[in-house]
Structures are given as C-alpha cells and as structure tokens.
Amino acid sequence: MSKQTITFLVFAVVVAITMYVTYVAAKRVRSVSDFYTAGGGVSGWQNGWAIAGDYLSAASFLGIAGLISLYGYDGFMYSVGWLVAYVTVLLLIAEPCRNIGRYTLSDILAYRNDPTKVRTVGAISTITVSTFYLTAQMVGAGVLVKTLIGISYETSVACVGVLMLLYVLFGGMVATTWVQIIKAVLLVTASIIIVLLVWTPYGFSLPAFLKDVVGDAKVQARVAALLGDSSKNMSASELGQRFLEPGLYFKAPIDQISLGMALVFGTAGLPHILMRFFTVPTAQQARKSVVWAMVVIGGFYVLTLFLGFGAAHHVGPAAIAAVDAGGNMAGPLLAQFIGGGPDSMLGNFMLAFVSAVAFATIVAVVSGLVLASASAMAHDLYVGVIRHGKSVTPQGQVTAARIATLIVGALAIGIGLAAKGQNVAALVGLAFAVAASANFPCVLLTLYWKRCNTGGIVTGMVVGTIAAVGLTLVSPNLTYPKAVKAAAHKVLDGEAARRAAVSAALGASDEKAASQAKKELAALDKNVAKAKDDIAKWGDTNTSFMGLQEPMTQLKNPGIISIPLGFLAVIFGSLLFRDKRAEDMWNEVYVRQNTGLLVAPPTSH
Amino acid sequence: MATSDAVDWDAITRDPRFQSLHKRKSAFLWGLMAVSVIYYFLLPIGAAYFQDLFKIRVWGVVNVGLLFALSEFAVAWIVAWIYSRKASRDFDQLAAQICAECTHTPPLQAAAGGLP
Numbered sequence: 001m002s003k004q005t006i007t008f009l010v011f012a013v014v015v016a017i018t019m020y021v022t023y024v025a026a027k028r029v030r031s032v033s034d035f036y037t038a039g040g041g042v043s044g045w046q047n048g049w050a051i052a053g054d055y056l057s058a059a060s061f062l063g064i065a066g067l068i069s070l071y072g073y074d075g076f077m078y079s080v081g082w083l084v085a086y087v088t089v090l091l092l093i094a095e096p097c098r099n100i101g102r103y104t105l106s107d108i109l110a111y112r113n114d115p116t117k118v119r120t121v122g123a124i125s126t127i128t129v130s131t132f133y134l135t136a137q138m139v140g141a142g143v144l145v146k147t148l149i150g151i152s153y154e155t156s157v158a159c160v161g162v163l164m165l166l167y168v169l170f171g172g173m174v175a176t177t178w179v180q181i182i183k184a185v186l187l188v189t190a191s192i193i194i195v196l197l198v199w200t201p202y203g204f205s206l207p208a209f210l211k212d213v214v215g216d217a218k219v220q221a222r223v224a225a226l227l228g229d230s231s232k233n234m235s236a237s238e239l240g241q242r243f244l245e246p247g248l249y250f251k252a253p254i255d256q257i258s259l260g261m262a263l264v265f266g267t268a269g270l271p272h273i274l275m276r277f278f279t280v281p282t283a284q285q286a287r288k289s290v291v292w293a294m295v296v297i298g299g300f301y302v303l304t305l306f307l308g309f310g311a312a313h314h315v316g317p318a319a320i321a322a323v324d325a326g327g328n329m330a331g332p333l334l335a336q337f338i339g340g341g342p343d344s345m346l347g348n349f350m351l352a353f354v355s356a357v358a359f360a361t362i363v364a365v366v367s368g369l370v371l372a373s374a375s376a377m378a379h380d381l382y383v384g385v386i387r388h389g390k391s392v393t394p395q396g397q398v399t400a401a402r403i404a405t406l407i408v409g410a411l412a413i414g415i416g417l418a419a420k421g422q423n424v425a426a427l428v429g430l431a432f433a434v435a436a437s438a439n440f441p442c443v444l445l446t447l448y449w450k451r452c453n454t455g456g457i458v459t460g461m462v463v464g465t466i467a468a469v470g471l472t473l474v475s476p477n478l479t480y481p482k483a484v485k486a487a488a489h490k491v492l493d494g495e496a497a498r499r500a501a502v503s504a505a506l507g508a509s510d511e512k513a514a515s516q517a518k519k520e521l522a523a524l525d526k527n528v529a530k531a532k533d534d535i536a537k538w539g540d541t542n543t544s545f546m547g548l549q550e551p552m553t554q555l556k557n558p559g560i561i562s563i564p565l566g567f568l569a570v571i572f573g574s575l576l577f578r579d580k581r582a583e584d585m586w587n588e589v590y591v592r593q594n595t596g597l598l599v600a601p602p603t604s605h
Numbered sequence: 001m002a003t004s005d006a007v008d009w010d011a012i013t014r015d016p017r018f019q020s021l022h023k024r025k026s027a028f029l030w031g032l033m034a035v036s037v038i039y040y041f042l043l044p045i046g047a048a049y050f051q052d053l054f055k056i057r058v059w060g061v062v063n064v065g066l067l068f069a070l071s072e073f074a075v076a077w078i079v080a081w082i083y084s085r086k087a088s089r090d091f092d093q094l095a096a097q098i099c100a101e102c103t104h105t106p107p108l109q110a111a112a113g114g115l116p
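The listed protein sequences derive, respectively, from chains A and B. Residue 575 in the working numbering sits at position 575 of the first sequence; the count goes up by one each step and never skips. Residue 37 in the working numbering sits at position 37 of the second sequence; the count goes up by one each step and never skips.
Excised from the complex, chain A in its bound form:
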C-alpha cells in the first residue's frame, strides 16, 4: 500500500467516526439548551475528557513535544503551567459557574448586574478571545495539515472549517462534546503507544532513558549550536547534560513569569472552557470533571517528556527543525521512526495515525471555540441585548444559534485564509492574556466580592482587554523593520571579510576543516540571500504595524502588568459606580454559588 493510501484510509476512518457521532447527536438536539450545553446531561468523567479534548490544542500536542525536542528542559517546564491552570479552575471557578450560569460567560456576569451592558461587553470579550485563539488554530491547521498530508494550505483550512461547521451546526454541544472525547482518547492512546515503544528498551527507567538522550551526538550538537561561542570549552557530556538544564529557550525570567500568570489565571477565563461546566447537571459533577481533566491533561504532559526527548534522541533536533522550524513535527516524525522509518509500512501507518489525531485535535478545539462565539452572539447579543430576552421562541433561539454558528464558522475560514503566512504563535498567548486580564477578574470578583457591580464589570472588561492587546501591540512580538534591516545590513557588511576567511579555510589540506568550511559557506550564502530579501521586502518602511521604530516594552507577554490592571479596574469601577441592587442580590448569589440551590435540572431524553 502506498503512503498516500494509508494516510487517506486512516483519515477517512477518523472522520467517519466523528460524522457518525454527529449524525446520532443531531437527532437529539431539539432545544436551545441541547444546542449550547447538551441539555446539561453530560456526566463528570465525560466532561473531563471533553475538557481535555477542548484544551489540548495542536499547540500543546505538537508544540510542546517540539519545544522539548529542540530546547530540552525549558520545553517541559513550559508544559507545567497548562496543568496548574486547572487548580484555579477547580478551586475557584468550576462549581460557582455551574451553580450561577446557564449557557455563557455573560450569564454569570449578568446575574446581579445590568444585563444589557454586561452582556454586551461579555459577548465582545468572548468573541475577541475566541477569535485570537481561533485564528491561531486555523492557521496552525492549514500549515500542519499541509505538512502532514501534503494538500494545499487553502484546502486544509477549508476542510477543517467545513468539518467543524458540520459538527456544530447539526450536532451542537452534543456532537462537539463527543468529538472532543474521541479526540482526547485518540490523542492519549497514540501518545501512550509511542511512549511505550520509546521507553520499553530502557526497562522503564527514567535515568537510563535520559542518559541515552544526553549521550546522543545530535543532541550535543544542538546544544553547542544554541549556546554558540560560550560552549567552546564544554565537553561532549557537559553539552548533553546542558539539555536537561534551564535557560536554552527562556532568556528573560520576567517573560516566563508573565506567561505563567497568563496561563494560570487565563484558563479560568477562557469562554470555551467555562462553557463546558454548563454541560454537567451539578456542581459535584463539575468538580469531578475538572479532576478528570487534570488527570488526562497532566498525564498527557508527562508523556510529552518522553515524546520530546525521544524525538530529540531518535530523530535529532536538526532533522526536526529542518521539517518545521517550530519543532511541530517532532511527535509525528518520532511515530514514523518508531514504526520502522519512512520506508516501512508500519512507520507510515504510525505517521498517518498521529497526523489524523493532530487533525482531529484541531477540529475538536475549533468546534468548541466556534460554539462559544456563536453562543455569545446568539444568546447574549441577539436574545439578551437586542430582543431583551423576550419574545424569542425556543425554536427561534435554536435557529439564532445555528445562524450565529454559520456566521462565526464562515468568518473562521475567512480569517484562516487571510492570515496565511502570518506569525500566529503570539495569538494564543494573547488569547490567554485577554482572558486572564479581562474575563478572569470580572468572573472572580462577581462571584466572590459583594460590591462588584455593572460599573466594575464594564470598566474591568474594557481596561483588561485594552491593556492586554495594547501591550502586545507595542511588544517585541511584532516585526520591527528598522531592526530587521539593521541586522540584514550587518550581515551584508560582514559578508566580504567572512567569505575571504572561509574561502581560505576551503583550500586547507585537512579534509574535516574543508568540509566544515563548505558548510559555513553555504550558510553564509543563505544568510546573505535572506538579508537581501529582508531589505527588499521592507524597502522604506521603518516602523512596525503600530508605527513604532522599536518595541516600547521588552515584555513578550503582557500578563504581569495587564492582569493587576484588570483587577484594579473592576475594583475602582465598582466603587465609583455604586449599585444597590448588585449588593442586595449578593446574598442570593453567594448562597447559590455555595449550595447549588435551584439549579435547573438536566433535560431528560
């Protein structure tokens, strides 16, 4: 069987399973609560797996394994924050949300506040966060599917978009939940199989496995390349050991702490994650679902330790970076190697299987995001704000939800196509930063602080969002043409001298030195070509998209500034615009969130 046939068959099976689930689910989606929250009838463990499926995006599945394979320890350290985030969700957010809300994040905010104002800002924030996240997923999908199975970027984006629309449009939350569960199970299964194959030869000993990794010449060469001149006096074993030590990826500690804050507090403000807690019937089940999610997500990240280091050892960081500079192909390439390499049938089956899982991963995450945006648009903006909650029949609400899904889905495909070639790595970080700086302070304070009111929520949402987005726009994440051109000119200026030095070495009688010189010459040619490209590309442009010559802040992630600002804004806004009604309703909110009194029972089927 050819490689294409194997890939096609594996993809067809995965898509067919999810389509069948959607077909079954579609028959069950009748009411608006079925569409948004699967009628509140999802059980704790099901929801836990679905949360894992909603959360483990391609960025974490492919990205973290890739970071570990290229940068060692720092990549693994990066994964920790994604799990610790769920402690915040478990302790502070999940159960109160279940007890207070119904379909959307704004339901929680609107409980004791002016529904029109709060729903408007809540919906805008939900759509903003989801759009940043969605754009990153769509562009990632286009690039990945293109690399994985060789179809064009546009076709990949369209395929992901159409599949996601089919699931959400017909199956609503019921189908989305099951697609997420299936994806999470597939992802964990695939990872366990690969890790078993990688780890068994070492008798499941961690030091024995890592000893081979640090003893690998490919890994040592990678560390030497990362450290540059400072590695000259290091022995091979010191270079290898350095791979297990911090500092190869994260250079500025403050960035790391800032990113950590955005992860740990942002997850609790992600609308598509919060929405999952409305699908379970009780606070107890919400709690159970977070615990399940923590087991699945944490277990998966521990596995990435082996996926990443295994890929570094077997495939080699240079080979991984050659296929994709961000390391995203580390997992799939490791799977291919473990199965017997590129020429074996099993190797190609494993590659196809992992690629199909990556595809399912993206579709599942995108479905959750689209559902969250559509619910904000239909439930909050249309039903809540435009129609004031009156005179919309249950059937009309379902129709509104489906129309909103179509709009959001079409937008997602459009944005995905328009953002082709853009650097979207910072967008997921930005989504977390806005969620942590705007949504999280608002949700937390309306649940736990008596004086929180409409003024505070509106101020907090606006200030938090503007601070997070604004700081990102002036951060080093954007391209600064002046710096790019200066670097390019430096390369060109030094070209002649460097060429002369390398050419001299080229004639050396020592064969090793000559071949080394040859490589350096090729690298020099490549750098010169890139420098010329950069200068031509930017022409007379000297400023970034924001009109700045250089970044105003060195912070790559705004969290450490924008999160405290968000909290302060909610507090000041609340104290400035006192609202007696919000304080009078505090007892009700507090009793409800603690006891779950009067929570709507799940719809029976």
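I should point out that these hints are in silico values taken from the structure, not numbers from a laboratory. All C-beta atoms, glycine included, are put in the ideal place defined by N, C-alpha and C.
Cβ-to-Cβ under 10 Å is the rule here; a few derived chain A residues that face chain B:
1. F76
2. V84
3. Y86
4. T88
5. A208
6. V214
7. Q241
8. G247
9. F250
10. I254
11. L259
12. G298
13. Y301
14. N587
15. E588
Using C-beta positions, here's what the derived DEER-type ranges look like:
16. A:R499 to B:G60: 39 to 47 Å
17. A:R387 to B:D10: 26 to 34 Å
18. A:T543 to B:V58: 49 to 57 Å
19. A:K251 to B:D10: 53 to 61 Å
20. B:W81 to A:E238: 36 to 44 Å
21. A:F204 to B:W81: 20 to 28 Å
22. A:A322 to B:G60: 28 to 36 Å
23. A:F204 to B:R57: 19 to 27 Å
24. B:V58 to A:A318: 27 to 35 Å
25. A:A208 to B:R17: 54 to 62 Å
26. B:V58 to A:K232: 26 to 34 Å
27. B:A96 to A:G215: 56 to 64 Å
28. A:F572 to B:R57: 48 to 56 Å
We have chain A already, so just place chain B on it with the hints.
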C-alpha cells in the same frame, strides 16, 4: 425552575450552618490556592535565579530541576485530590442540609444521566 423569590436568601446567610460552611470553605479554598500558586511560581523563579541548584544531579543524569518540574504535576494532582475529598465529604453534606430545610426541592445530587 423555581423562581428565586421562593427562597429567603437573607435567612440562609444568617443560618449559623451556612456561616460555618462559608468560613471553613473560604479558608480552605484560598489556602490551597495560595499554596498552589506559590509552588508553581517557584519553578520559573528557580529556573531563572537558582540555576546552580537546578543543575545538581541526583539520580543518574536526572537533576533537581527536572525532579522539581515533575513534582509540580504531583502537587497539582494532590491539591485536586485533597480538595475533592474535603468537598465531597464535608462541604456537600453541609450544603445539602441547608438546602433541604429552606426549600422542598433539594439540589440535584451527583447522579448524572450521561449521554446515551
């Protein structure tokens, strides 16, 4: 769904059992939260400012930093376990008692229908 008027919320907040639930739960939750957040941020801080400590090899090539990162997973899981045990043994019972007395419709208990 019953209307919120059916329940005297203020009366419940005056109920000593609710006050005790509130007090115990708050102390427990925020305490656990503080421990988790501090323990988490020790990792990036240690990796940035205490690299010599993180580099010490303790188990073959495995160093302190790697074990510390792995311990983060263990601590997150232990926090989740401690909280859910305490909540299901303690807080849920208290909440159920309070609910049972102030309304004829007690809160739904754990049995979820599940998807077919």
